[in-house]
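With these hints in hand, go ahead and build the complete structure from the sequences.
There are 2 protein chains.
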Amino acid sequence: MRYVVGIDIGGTNIVAGTVPEDGSELVGLVSEPTFPEQGADAVVARIVKLARASVAAARGKEIAGVGIGAPGPLDTARGVVLLTPNLGWTNFPLRDRVVQALGLPATLDNDANCAIFGEWWRGAARGANHVVGLTIGTGIGGGIVLHGEIYHGASDIAGEIGHMTIDSNGRRCKCGNYGCLEAYASGPAIAARAVEGIEAGAETTLPSYVQGELARITAQVVYEAAHDGDAYALDVVRDTAHVLGAGVANIVNVFNPEVVVICGGVTLAGDRLFVPLRSEVKRRAFKPAVDACRIVPGALTGTAGVYGAAAVFVKRTWGRL
Amino acid sequence: MRYVVGIDIGGTNIVAGTVPEDGSELVGLVSEPTFPEQGADAVVARIVKLARASVAAARGKEIAGVGIGAPGPLDTARGVVLLTPNLGWTNFPLRDRVVQALGLPATLDNDANCAIFGEWWRGAARGANHVVGLTIGTGIGGGIVLHGEIYHGASDIAGEIGHMTIDSNGRRCKCGNYGCLEAYASGPAIAARAVEGIEAGAETTLPSYVQGELARITAQVVYEAAHDGDAYALDVVRDTAHVLGAGVANIVNVFNPEVVVICGGVTLAGDRLFVPLRSEVKRRAFKPAVDACRIVPGALTGTAGVYGAAAVFVKRTWGRL
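Listed in order, the protein sequences are those of chains X and L.
Sequential numbering from -10 applies to the first sequence in this note's numbering.
Sequential numbering from -10 applies to the second sequence in this note's numbering.
Be a bit skeptical, because a hint or two may be false.
If several chains are the same, the list does not tell them apart, and a pair holds so long as it fits within one copy or across any two.
Pairs of lysine to any residue, SDA-like flavour, derived with a Cα cap of 20 Å [unchecked claim]:
#1 K163 - P277
#2 K276 - V19
#3 K304 - H136
#4 K271 - S144
#5 K276 - P62
#6 K276 - L72
#7 K276 - L71
#8 K304 - P94
#9 K50 - M(-10)
#10 K304 - S197
#11 K276 - C164
#12 K163 - T79
#13 K163 - K276
#14 K50 - S268
#15 K163 - L71
#16 K304 - A117
#17 K163 - W78
#18 K304 - V33
#19 K276 - P60
#20 K304 - M(-10)
#21 K304 - A66
#22 K276 - T65
#23 K271 - N158
Please keep in mind that the hints were generated in silico from the structure rather than gathered at the bench.
Shown next, in the form of structure tokens:
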């Protein structure tokens, strides 16, 4: 059995793991902060160090190559990161830098694509033909897997589902568009909505979770309070389910996928989110498309991107998964 | 050279034509009203009559089969129309009825899929890898062609782009959802918007086009008045471009296609629609995705569905186009 190192590069952390070509396990899982402010060379050095640490921890496996997932936009064919605001890179030949340092072949794909491909390969969307997924965190990323392959579009930009307009006269989004899904349902958007309500006088225990410092309320804190039964936090989760439902209904009507998988911290909200989300999608989308589709949380918490990055290497190198 | 009869079945008209396997011409173009109220048997008889008339007009061509495009939802593998409100059919084995009557093999696909596939094969989207298209008429249909193949999704429902929500708290759509693109940019929606404004006191020459009977204002009439320089009609066209722009921007961000092709009567508005539409998409969507994409009117007015239905037969029967 040949093994592949999967590396998931985020703005906050880099995660690496070693996966056999059949994806049956993940060994040597290691992680470190990214510290992008130290510059590209330092980040590459950290990637290389983590890859070596993962290989060492995986002990004696035959390593065939490295799959890298990074924020985009990318040029996947050339292995170049065109631009990442989070990392501060422009036209950076990430793949070849890793190849040179490790002496192993490598592939590069978008981080959200990798996460959804990982969920398709070994997670919540296993066995499906067509999967569309969202990764909800600081932003909302998207990945599209059709006929078991990542769909990249004409110039590797496909899948910007977070920047689908669901309210054309709505809030301005960081991307310049108006009413993007991300402007309502990203982690920071959920936290901001919670804080707005508190400032407008909502009764809630939320401030007690952050010693009264409202600026420290995150989406995670909202889920925690909802879990503890805070009625206002539950309302915020339900509102999130409604806006997310409009976006997922669009996906269901346009892609008619077998699975919509939702990854990221938002899955911590569990059924409090997924039950109203599913009923909102049912209310909005075409019945035969709804009937054909499962809407599920990601199953590979923290490792979907590693599995998926490795899967991209396997698929591109050996032609199948 | 083998020939295929393409048949495009609409709620108003049936159009048939005969196309060689390389799509290089369309001969024997014939058409008749559908008269769906006469029942399925009468419509099938008319389809068969038109197919024969087209073959006769095409004179001496070797006919290999028939491609049928019909409103859905369909089961394309079984050749069954599951449900068409416009035609009043439920679980109707359209393909096999045509096969029996004509003694020729046949294929069935969705009418909007066929129109966009036709534009990809022989029209405005020729040569592109990834094409997403809209057919704007009484409703808004959609077709998705990826890697040169129609994308059908898990249960043949994919491509319902007209029912993408662009305003989640917006107008209720006939489909039950809220704020669908179709509720703002279909022919009747454009006409209704024009009439609302007139009733609210807008100054315009539009009523003179319909002898003062506002109920007779159609989208076509609005385009005609815009063409003649009526400032209010021009405003209605520009508003249409804006809502359509939000929908097309979603397509561009999600699919990153090489071409977005827009078919139907709306193309009569020409640059008055397409210039503000392109600038609205540019304002909303990601630059690398916008840069990779042409937004164009369909080139095969009235025959895209015939070409596409024939193309589906060619592709499924001989594996390539």
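Quiz item: At most 20 Å between C-alpha atoms: does K276 with V19 qualify within a copy, between copies, both, or neither?
Solution: Neither, since 44 Å and 36 Å both go past 20 Å.
Exercise. If the cutoff is 20 Å on CA atoms, where do K271 and S144 land: within, between, both or neither? Let me know, please.
Key: Classified as between; 16 Å across copies, 33 Å inside a copy.
Exercise. State whether the alpha carbon distance between K276 and T65 is at most 20 Å within one copy, between copies, both, or neither.
Key: between (37 Å within a copy, 18 Å between copies)
Exercise. Measure nothing new, just compare the shortest in-copy and cross-copy C-alpha distances for K271 and N158 to 20 Å and report within, between, both or neither.
Key: So K271 and N158 pass the 20 Å test across copies only (16 Å; inside, 24 Å).
Exercise. Indicate which option fits the pair K163, T79 if close means a Cα-Cα distance not exceeding 20 Å: within, between, both or neither.
Key: within (19 Å within a copy, 47 Å between copies)
Quiz prompt | K304 and H136: within-copy, between-copy, both or neither at 20 Å Cα | solution = Answer is both; intra-copy 13 Å and inter-copy 18 Å each pass.
Exercise. Evaluate K276 and L72 at a C-alpha cut-off of 20 Å and name the case that applies: within, between, both or neither.
Key: between (40 Å within a copy, 12 Å between copies)
Exercise. State whether the alpha carbon distance between K304 and P94 is at most 20 Å within one copy, between copies, both, or neither.
Key: Within one copy only: 13 Å inside a chain, 37 Å across chains, cut-off 20 Å.
Quiz item: When no copy is named, should K276 and P62 be tagged within, between, both, or neither for a Cα gap of at most 20 Å?
Solution: between (35 Å within a copy, 11 Å between copies)
Quiz prompt | Homomeric proximity label, K276 with C164: Cα distance no greater than 20 Å | solution = The answer is between: 10 Å across copies meets 20 Å, while 33 Å in one copy does not.
Practice problem: Go through the copies and call it for K276 and L71: within, between, both or neither, with a Cα cutoff of 20 Å. | Solution: Between copies, since 13 Å is at most 20 Å while 40 Å is not.
Self-check item: Identical-chain pair category, K304 with A117, by Cα at 20 Å
Solution: Only inside one copy: K304 and A117 sit 16 Å apart there, 25 Å across copies, limit 20 Å.
In this structure, the earlier hints numbered 2, 10, 14 and 18 are contradicted, and the remaining ones agree with it.
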